[in-house]
Structure formats: structure tokens, C-alpha cells
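Novice: This is what each chain is made of:
Protein chains: 2
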Amino acid sequence: MKIAKFGGSSVADASQIKKVLKIFNEDNERLVMVVSAPGKRFDGDIKVTDMLIDLYHLVISNHPSKEIDEQINRILERFQLIEEELQFQHSLLSHFKEKLKFHIAEITEPARLLDALKSSGEDFNAELIAAYNTEQGIETLYMNPDDIGLYVTDEPGNAMVREESFEAIKNRLPRDRKVIIPGFFGVSESNQIVTFSRGGSDLTGAIVARALDADLYENYTDVSGIFSANPMIIPNPAQIEELTYDEMRELSYAGFNVFHDEAIAPLYSKGIPVVIKNTNRPDDSGTFIVPNRKAEGVVGVSCDKGFVSINMKKYLMNREIGFTRKLLSILEALGISYEHIPSGIDNVSIILREHQLIDKEGLLIEQIEKTLNVDQLSIEKNLAILMIVGEGMKTAVGTANKATQAFRDHNINLKMINQGSSEISMMFGIEEKDATNALKAVYNAYF
Amino acid sequence: MKIAKFGGSSVADASQIKKVLKIFNEDNERLVMVVSAPGKRFDGDIKVTDMLIDLYHLVISNHPSKEIDEQINRILERFQLIEEELQFQHSLLSHFKEKLKFHIAEITEPARLLDALKSSGEDFNAELIAAYNTEQGIETLYMNPDDIGLYVTDEPGNAMVREESFEAIKNRLPRDRKVIIPGFFGVSESNQIVTFSRGGSDLTGAIVARALDADLYENYTDVSGIFSANPMIIPNPAQIEELTYDEMRELSYAGFNVFHDEAIAPLYSKGIPVVIKNTNRPDDSGTFIVPNRKAEGVVGVSCDKGFVSINMKKYLMNREIGFTRKLLSILEALGISYEHIPSGIDNVSIILREHQLIDKEGLLIEQIEKTLNVDQLSIEKNLAILMIVGEGMKTAVGTANKATQAFRDHNINLKMINQGSSEISMMFGIEEKDATNALKAVYNAYF
Numbered sequence: 001m002k003i004a005k006f007g008g009s010s011v012a013d014a015s016q017i018k019k020v021l022k023i024f025n026e027d028n029e030r031l032v033m034v035v036s037a038p039g040k041r042f043d044g045d046i047k048v049t050d051m052l053i054d055l056y057h058l059v060i061s062n063h064p065s066k067e068i069d070e071q072i073n074r075i076l077e078r079f080q081l082i083e084e085e086l087q088f089q090h091s092l093l094s095h096f097k098e099k100l101k102f103h104i105a106e107i108t109e110p111a112r113l114l115d116a117l118k119s120s121g122e123d124f125n126a127e128l129i130a131a132y133n134t135e136q137g138i139e140t141l142y143m144n145p146d147d148i149g150l151y152v153t154d155e156p157g158n159a160m161v162r163e164e165s166f167e168a169i170k171n172r173l174p175r176d177r178k179v180i181i182p183g184f185f186g187v188s189e190s191n192q193i194v195t196f197s198r199g200g201s202d203l204t205g206a207i208v209a210r211a212l213d214a215d216l217y218e219n220y221t222d223v224s225g226i227f228s229a230n231p232m233i234i235p236n237p238a239q240i241e242e243l244t245y246d247e248m249r250e251l252s253y254a255g256f257n258v259f260h261d262e263a264i265a266p267l268y269s270k271g272i273p274v275v276i277k278n279t280n281r282p283d284d285s286g287t288f289i290v291p292n293r294k295a296e297g298v299v300g301v302s303c304d305k306g307f308v309s310i311n312m313k314k315y316l317m318n319r320e321i322g323f324t325r326k327l328l329s330i331l332e333a334l335g336i337s338y339e340h341i342p343s344g345i346d347n348v349s350i351i352l353r354e355h356q357l358i359d360k361e362g363l364l365i366e367q368i369e370k371t372l373n374v375d376q377l378s379i380e381k382n383l384a385i386l387m388i389v390g391e392g393m394k395t396a397v398g399t400a401n402k403a404t405q406a407f408r409d410h411n412i413n414l415k416m417i418n419q420g421s422s423e424i425s426m427m428f429g430i431e432e433k434d435a436t437n438a439l440k441a442v443y444n445a446y447f
Numbered sequence: 001m002k003i004a005k006f007g008g009s010s011v012a013d014a015s016q017i018k019k020v021l022k023i024f025n026e027d028n029e030r031l032v033m034v035v036s037a038p039g040k041r042f043d044g045d046i047k048v049t050d051m052l053i054d055l056y057h058l059v060i061s062n063h064p065s066k067e068i069d070e071q072i073n074r075i076l077e078r079f080q081l082i083e084e085e086l087q088f089q090h091s092l093l094s095h096f097k098e099k100l101k102f103h104i105a106e107i108t109e110p111a112r113l114l115d116a117l118k119s120s121g122e123d124f125n126a127e128l129i130a131a132y133n134t135e136q137g138i139e140t141l142y143m144n145p146d147d148i149g150l151y152v153t154d155e156p157g158n159a160m161v162r163e164e165s166f167e168a169i170k171n172r173l174p175r176d177r178k179v180i181i182p183g184f185f186g187v188s189e190s191n192q193i194v195t196f197s198r199g200g201s202d203l204t205g206a207i208v209a210r211a212l213d214a215d216l217y218e219n220y221t222d223v224s225g226i227f228s229a230n231p232m233i234i235p236n237p238a239q240i241e242e243l244t245y246d247e248m249r250e251l252s253y254a255g256f257n258v259f260h261d262e263a264i265a266p267l268y269s270k271g272i273p274v275v276i277k278n279t280n281r282p283d284d285s286g287t288f289i290v291p292n293r294k295a296e297g298v299v300g301v302s303c304d305k306g307f308v309s310i311n312m313k314k315y316l317m318n319r320e321i322g323f324t325r326k327l328l329s330i331l332e333a334l335g336i337s338y339e340h341i342p343s344g345i346d347n348v349s350i351i352l353r354e355h356q357l358i359d360k361e362g363l364l365i366e367q368i369e370k371t372l373n374v375d376q377l378s379i380e381k382n383l384a385i386l387m388i389v390g391e392g393m394k395t396a397v398g399t400a401n402k403a404t405q406a407f408r409d410h411n412i413n414l415k416m417i418n419q420g421s422s423e424i425s426m427m428f429g430i431e432e433k434d435a436t437n438a439l440k441a442v443y444n445a446y447f
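Residue numbers (the UniProt record's numbering), protein chains in the order written: chain A, 1 to 447; chain B, 1 to 447.
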């Protein structure tokens with residue numbers, strides 16, 4: 001049995017929805033489909049989710065009800081167009097309008113209203129596509145997270161699945177007909193709509209796949225798989241046929257956004273494979289993400305900008321018990337999360353994403369100076385992190401050498417090297433201005 | 001004005017003491033001399049400090065007083081031999097015996113008795129050498145830490161200098177005649193003898209050098225300077241002419257034991273240079289340790305064994321706020337100090353010295369499993385850390401490449417690379433079995 005999840009561009013308009021349903025219907029193994037909200041139909045188009053977020057801002061800043069109604073109508077027009085092009089008989093538009101109005105009227109807490117509105121794109125799309133498929137003669141059930149028992153923690157915009165969901169979904173999902181579920185959200189204990197982090201429809205599919213112990217989780221998008229490097233920078237990069245969960249997770253960290261990395265977590269225990277496929281070219285083989293594989297060499301390289309290094313030096317630091325722990329406590333108290341902590345004998349650096357410092361840089365420096373009494377303190381901005389990923393690196397001698405040679409040949413100064421904990425990746429800190437050159441150099445060295 | 005410190009082998013017997021005094025007397029700039037306890041005279045000889053520690057163990061385990069007296073006599077025989085060979089007229093032996101007996105009779109707390117006995121080797125040697133020099137016609141004052149005001153924290157075996165010492169020493173030390181001071185200990189607020197960590201005579205000299213704002217701190221030992229690699233492994237390694245405080249500190253971390261690294265701390269603020277010289281070849285130029293220098297390339301390579309890596313993996317670890325802080329708190333509570341914390345996306349390793357785990361490994365593992373709920377946990381033993389050090393690395397592109405190439409060419413698998421926080425060093429984790437080959441390979445690559 002397979003779970004198929006379709007991304008925003010795969011369900012953006014009527015013609016895409018027809019492709020999706022063809023895929024869904026032609027294989028009886030495809031029992032459950034998870035859908036996103038309608039995405040962009042063309043460059044410059046606006047996603048329905050973004051229109052819903054705009055609606056939220058109008059409501060919350062007390063704009064006149066006329067403007068709010070206009071925005072609601074703009075959203076409904078997207079669905080109206082879909083209905084018309086599908087020649088759908090039993091319009092759901094007034095039902096959708098009521099749902100939006102109900103959320104706006106009933107939910108007073110802003111974060112909760114945002115989640116309820118944000119989730120509506122997926123919700124409406126699932127209901128509409130299920131009804132249309134039924135109308136076409138294939139009985140298809142629309143079930144929302146409340147129906148199937150997808151219970152989540154009560155953290156608006158950042159829900160996490162609760163363990164009891166798996167048993168509930170297993171018990172409630174019928175096996176005798178097709179089911180369409182909206183992605184991106186669950187319900188909390190107090191029966192509120194709570195969304196996952198953005199891109200969270202991948203997660204809904206993964207949760208259902210685990211609950212039903214699926215044989216395969218198909219993730220349909222608008223590319224035929226995962227490339228070994230960013231195609232915006234490297235022309236025609238090699239496509240990856242197969243990679244492991246761990247390789248996926250390492251790559252997704254530094255800019256590979258094809259599959260939501262939290263979505264691997266539910267699949268881990270049962271080892272359910274994922275395939276990334278192209279809705280527009282469903283016969284392409286795609287990229288498989290699997291628990292284990294026999295691998296040689298490097299599977300992908302990525303580079304992400306926007307990092308900062310806070311460097312501290314203190315003579316005899318390494319004899320000072322608790323220094324790093326105190327440093328991390330300061331960061332934790334300020335709600336700053338960090339990426340790495342490279343250390344020398346008498347120095348330590350904290351590598352973090354630059355946005356973590358917004359409004360907090362001054363406070364952080366003050367706290368470090370007050371608490372840790374360091375000899376030197378400096379902040380280095382505009383750093384990029386380049387990652388080289390591959391299970392084959394575990395056993396290879398000379399993987400590091402290939403990379404450092406590429407950097408040397410292209411005159412790229414290494415600010416940081418971090419290898420050691422993960423055996424399947426190596427991480428290099430460079431200046432942002434070198435990012436493109438470095439990625440090209442490393443890609444050419446390995447591929 | 002110069003402060004001259006002489007190590008154990010430089011003051012091990014009468015002929016060495018004569019060399020030392022020749023050096024001390026021939027230069028009027030040499031105002032203060034700091035001496036160690038008599039060291040080894042030949043391979044297999046026993047240092048006086050170790051004899052004193054044995055004496056402590058006999059006392060503390062309530063051995064018969066006959067055995068204790070025999071040990072005291074063995075210790076005094078060393079000084080007797082020195083006196084005889086020097087043809088010293090006014091023997092101090094009975095005075096030394098009284099001092100030892102007094103410590104044993106009066107000090108009940110074991111850790112304090114150990115410090116008092118341990119410090120006696122330096123104390124007796126300083127008193128004897130000063131008296132002998134005076135007898136030879138050069139008026140020389142013996143002053144102990146209590147006389148000069150060398151005040152330390154009250155942590156037996158691990159004293160730290162207290163700030164007020166510098167002013168006290170400056171005021172109390174006469175400038176009109178030569179002074180000999182025993183190294184290795186100070187006095188606490190409650191007027192107890194407290195020793196520095198082993199090798200701490202270097203520290204005494206540094207404290208006096210700072211207090212007197214000396215022009216040069218001469219550190220006399222039995223080698224003509226610092227080599228760029230361990231001569232036991234690399235035949236005839238290059239000698240270092242000059243290196244910075246920071247380079248010294250990085251090298252001393254991984255097996256370079258020529259100069260006690262805590263001894264740099266007092267010199268930092270005034271930038272007092274140190275020279276490592278050979279008592280037996282005083283005309284050799286030695287190695288200078290200076291605050292700053294213009295440097296190119298690598299100054300030294302070192303490799304130290306006995307490291308362990310504790311590797312943890314947990315899916316989505318990098319989203320878990322406080323994970324590393326909790327981990328460090330566990331280590332701190334167990335009194336385990338660590339060296340490095342290389343981290344990947346979902347994994348983190350703790351690199352520590354193997355002896356830190358004695359009796360604590362089981363407890364540590366248990367605590368990690370209980371508190372951190374990791375997916376995977378493993379311990380990797382028998383690791384070595386190889387360090388490449390040089391101020392010239394700050395600006396060089398390709399330093400890392402030279403090393404990784406050497407490792408690849410010699411088929412050495414890199415377990416860890418840590419570069420980033422200190423700009424003057426790079427650190428590589430390898431297996432212990434590769435340590436010798438790796439050091440040779442890297443030495444040959446840079447020198």
C-alpha cells in the first residue's frame with residue numbers, strides 16, 4: 001500500500017489536479033492521498049496559503065470588513081476557477097466561505113486564527129478534489145485531521161505529532177475506498193487547528209504512512225528527483241537515484257528543500273522508503289530515500305549562506321570547568337539556537353544562523369562579557385557553510401583531501417572545518433563571497 | 001634585568017650546580033634565580049620530589065617510624081652528596097632533617113602534608129645553593145615564597161597565584177644582591193604551603209618575572225630549545241628559533257612539555273619574552289617565546305595519544321534547544337572535563353582524554369541514556385590528536401590541503417578535523433595505531 005502526497009504546484013489548477021487524480025486512480029495500491037494548498041501556476045503567481053496569511057493580517061489589524069470580504073473573494077476565486085475548469089457540478093464555494101467567516105468570527109487568539117486560516121488552503125483543496133473524484137465515479141472520502149485522529153502538540157505554527165495519532169489513524173482510516181486528507185495541520189487536545197512548520201504537508205503524509213505501515217511513501221512535486229547540487233548554481237547536476245534518510249537530512253540542512261526533513265522522523269522506525277516523483281513526468285524513476293544502502297563516494301554537495309561566528313579566546317580556557325556549558329546557558333536563556341561549537345585549546349567559537357542574532361546581538365555580547373570574562377571576543381559575519389554528504393565517506397581515505405585541494409586550487413580560504421561526529425558529512429566554513437565558486441569547485445571535484 | 005629558572009636536571013648534582021652558578025654569576029642582569037628540586041642524574045635515577053612523595057605515603061599509611069627515618073635519610077643523602085662534592089663548609093643537613101620532621105609532626109591534613117613534603121626538594125635546594133654561592137664570595141639571599149610574598153589560592157597540589165603577590169614581590173625583593181627562590185609553591189592566606197601542579201617551578205619564575213617587570217625570563221633545561229616535532233619520533237627535527245605565546249600553548253597541549261603552559265599567563269600582560277636554554281650548552285641560542293612575531297607557515301607539529309570519542313546521534317537533534325548544554329552539565333556533574341565537541345546536524349561527539357573515564361564510563365553512559373534519550377550512542381577509544389601549529393596559518397590558503405594530502409598519501413583515515421576557532425592551529429583525530437606514521441607524514445609535508 002502506498003501513500004501519495006502532492007505538493008502545491010501539483011494541485012495548483014484543474015489540469016494539474018487531473019494529472020494528480022490520474023496517478024492516484026490508476027494504482028489500487030494508492031489508498032491515501034495527502035494534498036497541499038494550490039500553489040503557484042506560473043512565475044509571479046501567489047500561493048493560496050500566502051493569500052490566507054494576507055487575510056489574517058487584514059483581520060488582525062482591523063481593516064474594514066469590505067477589504068476583508070474582498071480578500072476572501074480573491075481566495076475563493078482560485079477555487080472557483082478550479083471548479084469551473086473541472087466542470088465540477090456541486091460547488092463547495094459557499095461552504096468554504098462559511099468556514100473562513102466562521103474562523104474569523106469565532107477565533108479570538110491571533111496565533112490560533114492564523115493557523116486556522118493558513119490550514120484552509122489544504123483543507124478546501126482536499127475536500128474539493130475528493131468530491132470531484134467521487135463525482136467522476138470513484139468513491140473518495142475527504143477526511144480531515146480531526147476525522148482520522150491526527151493529534152498534535154499545541155504549539156501554533158510548529159506542531160509536533162503526538163504518539164497516539166498512529167494508533168488512531170490506523171483504526172479510523174477505511175481500507176476499502178480512496179481517501180484524501182489535507183496536509184499541513186493536525187488538531188490539538190483542545191480540538192484546535194494547529195499547523196506544522198511551513199512545508200509540513202510532507203509530514204502529514206509521513207505520519208499516515210507510518211500509521212498504516214505503508215510499503216512506499218510517494219512524494220509528488222514538480223521535479224523528477226533530487227539533484228546532487230543546486231541546479232541554480234551547477235548547470236545540469238547529476239540526479240541522485242537513491243540516498244539514505246541520513247544523507248537526506250544532512251543535505252536538507254544546507255539548502256536542499258525538496259523534502260521536509262522532519263518528515264523523515266516518523267518513517268525511521270519502520271524503515272518506510274520515500275520516492276520523490278514528478279507529477280508532470282510520472283514515468284521518470286525519481287529519487288528514492290531509503291533507510292540503508294550500499295554506497296560509494298559522495299552523493300551531494302550543498303552550500304548555505306547567512307552564518308555568523310562568535311569567537312572567544314581566554315587563556316587556559318580548557319582548564320576552566322563549565323566554560324562552554326555557561327556559554328550555552330547564555331544562548332539558551334536568550335532563545336538563540338546555534339549550529340556548531342568548534343574549539344581550540346584556549347578558544348571556542350559559536351556558529352549560528354545570522355537571523356538568530358536579530359535584536360539580540362548586543363545582549364548576547366553583554367552577557368558573554370559579564371559572565372565569562374574572556375580575553376578576546378569578536379563576531380565574524382557573512383559566512384557560508386558548505387556540506388559534502390555521502391554514506392561512502394565512512395570508509396574512504398582522502399575524501400577530505402579532495403575537498404581541500406579544490407579549495408586551494410580556487411584560492412578559497414577555509415574559516416572552519418568540522419568533521420568528526422557524523423561519518424557521512426563534512427562541513428566547511430567559508431566566506432559568503434566564495435560560496436558559488438566553492439560549490440562549483442567541490443562539485444567538479446566529486447562529480 | 002633577567003629572571004633565570006633552572007630545571008631539575010640542571011640542579012641534580014654538584015657539577016650541574018656549579019654550571020648553574022657560573023651562568024647566574026657571570027651576568028649582573030641575572031638578579032633572581034628560581035630552582036627546582038634535584039632531578040635525575042642518570043637514566044633510572046629517582047627525582048628528590050618522587051622520594052618526598054614516597055615519604056608522604058609511608059607517613060600516611062602509618063609505616064613504622066624506622067622506615068620513615070630511613071626514607072628521610074635517603075633524601076638527605078642526596079643533599080649530603082651535593083654538599084660533599086661542592087666542599088660546602090656549613091652543612092644544612094640537620095636543618096633540613098628538622099624541617100621534614102616538623103612537617104610530619106605538625107601537619108595532620110594529608111593533602112597539606114603532601115604539599116609541604118613535596119615542596120621541600122625545591123626549598124632545600126634553594127637554601128643550599130644560596131648558602132654555597134655566598135660561601136664562594138658572592139652574597140646571595142635565600143628567600144622562600146613566604147619571604148617574598150608569593151601568595152596562592154588554597155587548593156593543595158593545584159595552587160593559583162593571587163593578584164596581590166605581584167605587588168608584594170615587587171616591594172620585598174631586594175635589587176642590590178642576588179636572590180635564590182625555590183620554585184613550585186606559594187603560601188596560602190592561612191600561611192600553608194601549597195604547591196602548583198607538577199612542573200610548576202616554571203610558574204614561580206614567570207610570577208617573579210612579571211612582578212619585577214623583567215626584560216627576559218630565562219628557562220634553563222637540558223635541551224637547547226624547542227623542536228618542531230618530537231625527536232623520539234622524528235630524527236633530528238628542526239629547532240624552533242622563535243614562537244609566540246599562543247603557538248607555545250597550542251603545542252604544549254599535545255605533548256610538548258618543555259615549558260609549563262600555565263607559566264605563560266603571568267607574562268601575557270607585560271609581554272615578557274621567555275627563552276628556553278640549555279644549562280649544558282649555555283652558548284646555544286635557544287628558543288624564544290614572544291608575544292608576537294611575523295611568521296610564515298607552520299612552526300610545529302605534535303601528536304598525543306589516549307583520547308576517546310563518545311558519539312551520540314538523535315534525529316532532529318539540532319532543533320532540540322539545550323541538548324548540548326544538558327550533555328555538558330552531565331559531564332560537569334561527574335567532574336569529567338572534555339576537549340572538543342564536534343557536531344553534525346543530528347549528532348554530536350565529545351572528545352576527551354581516556355583517563356577522564358576511569359571509574360566513570362558506566363555512570364556517564366547511564367546518565368546520557370537517561371537524560372538525553374539519544375537514538376545511538378557509541379564510544380570510540382584509542383584515538384590520537386595531531387596538531388599543526390603556526391601563526392602563519394592565519395593567512396595561508398592550502399594549509400589544510402597539505403595535511404590532508406599527507407594523510408591520504410599514507411593511507412591514514414581521518415576520524416575528526418577541527419579547525420576554526422583558533423586561527424593558528426588545526427587538529428586532526430586519527431587512530432592511535434596511525435600516530436607515528438601520521439606525525440612523520442605531516443612533518444615531512446611542512447618541513
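Hints listed in this document are in silico derivations from the structure and should not be mistaken for laboratory results.
Wrong hints could be hidden among the right ones.
List time: in silico PhoX-like cross-link candidates among lysine-lysine, alpha-carbon distance up to 25 Å [unchecked claim]:
1. B:Lys370 - A:Lys294
2. B:Lys2 - B:Lys18
3. B:Lys47 - A:Lys314
4. A:Lys18 - A:Lys178
5. A:Lys326 - B:Lys313
6. A:Lys313 - B:Lys326
7. B:Lys18 - A:Lys326
8. A:Lys402 - B:Lys18
9. A:Lys313 - B:Lys381
10. B:Lys270 - A:Lys314
11. A:Lys433 - B:Lys326
12. A:Lys370 - B:Lys313
13. A:Lys314 - B:Lys326
14. A:Lys270 - B:Lys270
15. A:Lys402 - B:Lys402
16. A:Lys326 - B:Lys2
Given the structure is predicted, the values throughout are model-derived calculations rather than measurements.
Novice: For B:Lys2 and B:Lys18, compute the direct alpha-carbon distance and say whether it is at most 25 Å.
Specialist: Since the Cα atoms of B:Lys2 and B:Lys18 sit roughly 19 Å apart, the hinted pair holds (cutoff 25 Å).
Novice: Are B:Lys370 and A:Lys294 close enough, with their CA atoms no more than 25 Å apart?
Specialist: Measuring from Cα to Cα gives roughly 33 Å; hence the hint is violated.
Novice: Are the Cα positions of A:Lys370 and B:Lys313 separated by 25 Å at most?
Specialist: Violated, because 33 Å separates the two Cα atoms, which is more than 25 Å.
Novice: Is the hinted pair A:Lys18 and A:Lys178 satisfied, with a Cα-Cα distance of at most 25 Å?
Specialist: 16 Å, holds
Novice: Does the alpha-carbon distance linking A:Lys314 and B:Lys326 stay inside the 25 Å limit?
Specialist: 23 Å, holds
Novice: Is A:Lys433 close enough to B:Lys326, meaning Cα to Cα at most 25 Å?
Specialist: 36 Å, violated
Novice: For A:Lys313 and B:Lys381, compute the direct alpha-carbon distance and say whether it is at most 25 Å.
Specialist: 29 Å, violated
Novice: Would you check the hint for B:Lys270 and A:Lys314, treating anything up to 25 Å between C-alpha atoms as holding?
Specialist: 16 Å, holds
Novice: Under the criterion that the straight-line Cα-Cα distance not exceed 25 Å, is the pair A:Lys270, B:Lys270 satisfied?
Specialist: 64 Å, violated
Novice: Would the pair B:Lys47 and A:Lys314 pass a check requiring their Cα atoms to be no farther apart than 25 Å?
Specialist: Outside the cut-off at roughly 34 Å; violated.
Novice: For A:Lys402 and B:Lys18, compute the direct alpha-carbon distance and say whether it is at most 25 Å.
Specialist: With a Cα-Cα distance of about 58 Å, the restraint between A:Lys402 and B:Lys18 is violated, given a limit of 25 Å.
Novice: With the threshold set at 25 Å, check whether the alpha-carbon distance from A:Lys326 to B:Lys2 stays at or below it.
Specialist: Violated. A:Lys326 to B:Lys2 sits at ~40 Å, over the 25 Å cutoff.
Of the numbered hints listed earlier, those contradicted by the structure are 1, 3, 7, 8, 9, 11, 12, 14 and 16.
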